[in-house]
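Participant: Spelled out from the first residue to the last, the chains are:
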Amino acid sequence: MNPKKTNTLALLMIRIIAVIVVVILAFLIGRILIQGLPHISWKFLTTSSKAFTSGGGIGIQLFNSFYLLILTLIISFPISLGAGIFLAEYAPKNALTNVIRMAIEILSSLPSVVVGLFGFLLFVVQFKLGFSILSGAIALTFFNLPLLTRNIEDSLNSVPKLQREAGLALGLSKWHTVIKVILPEAIPGIVTGIVLCAGRIFGEAAALIYTAGQSATSVDFTKWNPFDASSPLNLFRPAETLAVHIWKINSEGIMPDAEQISAGSSAVLIIAVLIFNLSARFLGQKLYQHLTAAKQG
Amino acid sequence: MDPIRDKILKRSKESNQDVIGKILSYAAIILILAVVVSIFAFVFAKGIATFTENHASLKDFLTGTDWNPNVKGEDGKPLVGALPMIVGSFAVTLLAALFATPFAIGTALYMTELSSSKGRAFMQSVVELLVGIPSVVYGFIGLTVVVPFVRSHFGGSGYGILSGAFVLFVMVLPTITSMTVDSLKAVPKHYKSASLALGATEWQTIWRVILRAALPGIMTAVVFGMARAFGEALAVQMVIGNASLLPTSLTNPASTLTSVLTMGIGNTVMGTVANNALWSLALVLLLMSLFFNILVRMISRKGRM
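Listed in order, the protein sequences are those of chains A and B. Note that this note's numbering has the first sequence beginning at 16, numbered continuously upward. Note that this note's numbering has the second sequence beginning at 890, numbered continuously upward.
Since the hints were made in silico from the structure, they are not lab data. Be a bit skeptical, because a hint or two may be false.
Taking lysine-lysine and the DSS-like style, the derived pairs with C-alpha atoms no more than 25 Å apart in a straight line are [stated by the list, open to error]:
(1) A:189 with B:899
(2) A:108 with B:1191
(3) A:189 with B:1007
(4) A:301 with A:176
(5) B:1007 with A:195
(6) B:911 with B:1007
(7) B:896 with B:911
(8) A:195 with B:1191
(9) B:902 with A:189
(10) A:176 with B:902
(11) B:1081 with A:19
(12) A:176 with B:911
(13) A:108 with A:176
(14) A:195 with A:301
(15) B:911 with A:189
(16) B:911 with B:899
(17) A:195 with A:176
(18) B:1078 with B:911
(19) B:1078 with B:1007
(20) B:1081 with B:1191
(21) B:961 with B:948
(22) B:1007 with A:108
(23) B:1007 with B:1081
(24) A:189 with A:176
(25) B:896 with A:20
(26) A:301 with B:961
(27) B:1074 with B:896
(28) B:966 with A:19
(29) B:966 with B:948
From a predicted model like this one, the values you see are computed outputs, not experimental measurements.
Just chain A, with the same shape it has in the complex (with noise of 0.2 Å):
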């Protein structure tokens, strides 16, 4: 074979792979919608589940994953937004802020189950917390952290070194330019990062098993009271989310229709994923066009 029948070949094999990729992606989120869409209805979404009968909605996870969602996000934004100034302004060029780095990406690259464990381990059992739902935005939240950290680290490196100098001209402290100017500007690529996290904080399962526990307690959703032992907002109930329901019904569920009822909440995931995706470029793009002089459209 010449190399021009080789290169022809091979060019087109490259084609053909991509091509499949697509089709394979296609494939997934089809066949999620199609099988799943049918099942979801109102009552879908706002009953609660039913241990061994058909007919029980996802109401209790899906409020339990949102909830959890804007927990994790309360108690890691601080925490990441204090190391990600560290890393991007404050940190020395030396062996512990490499040693630092390391234990970062160290934490991004543990298993989530090893996580959850370790959050079951020192809340649920030390802590005595028990199953709850601030043992799971806790652990959600380690598990955030460095993601969460890189991203604001790399929004804030971003930003032109003119601007700090101005700040620092300007007779400003390091701290108060950083917060007044550097921070608005690194805001769209902050807000992007936040969107594409809850994304993920939205489908994990495996680190909220053992922390946020696999039991739905049945909620009355006209108390709102945080103290009130059956009020949703209740921070120290067990609450299962909406992934790890997929996850209990199709290995332990005993309800006749455990499949359609995880076709309909495997397709009311996605949905929030490809909301979460979508959202996270335009809420990225607005707010980098208010933010800045650039050009609407």
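With chain A held as given, fit chain B onto it using these hints.
Facilitator: What follows is chain B alone, placed relative to chain A:
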């Protein structure tokens, strides 16, 4: 007292702000470090209890094939042979990497060398969507699509290492692809121009110049993908069949470190041999993820020389 002298000698508002800012950001980074250190300390302390408290031998743990920690063997030591799980984990990881690498490199080459900018943006969002699909959804698809497919085409019950590898293949594909794209983009443009100017065809250029130059980066990408596959729990657990037997074929039910962990922790009591043995598995997972990290560092250091 001279007010000007006083003002100059006192710390300014700005330097106070700086101190506060420094304290806040140092506190955040110390907190993260503490988390990493305590994860290692806790899992390590729990993981070695099997050997220090329950007197299982490390050799049995790594080479034994009987996993039944509640039962004592003939020598009076608990049966904690973890070899089936270790083999299972490595088998799914290696197979998944083997399937995914050619696809990832092909897709990455398409994105960097062949496609128009529109095609690249499209493939970029395809890769991002694949990353975004939650692992339980992959597991559910695995249960409803991959397991029946394997059952009817390869025989067996459908649950097993092959199904696990197929599911992981799709899960690590985007990871390897996006990192490979980065390393292909980092190849200097003039390498390509020089090769084309010498009369090489496009494929010869890709094969002999671009891929060679990007090799360390591609290897890093594959190791990252393997690390992700090794630590993935639920999607694998749902399709692998969960039998703690040494796998004899790719289509027999098997188990991985992560699948035994997810199934077991809830069914054992804290402090018992069975529970400690599971923590030893978690320790193996932790050490492997550390190993993958070191491997990545070594590859990228070599690549820079």
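Participant: Which earlier hints can't be squared with this structure?
Facilitator: 3, 5, 6, 8, 18, 22, 25, 26, 27 and 28
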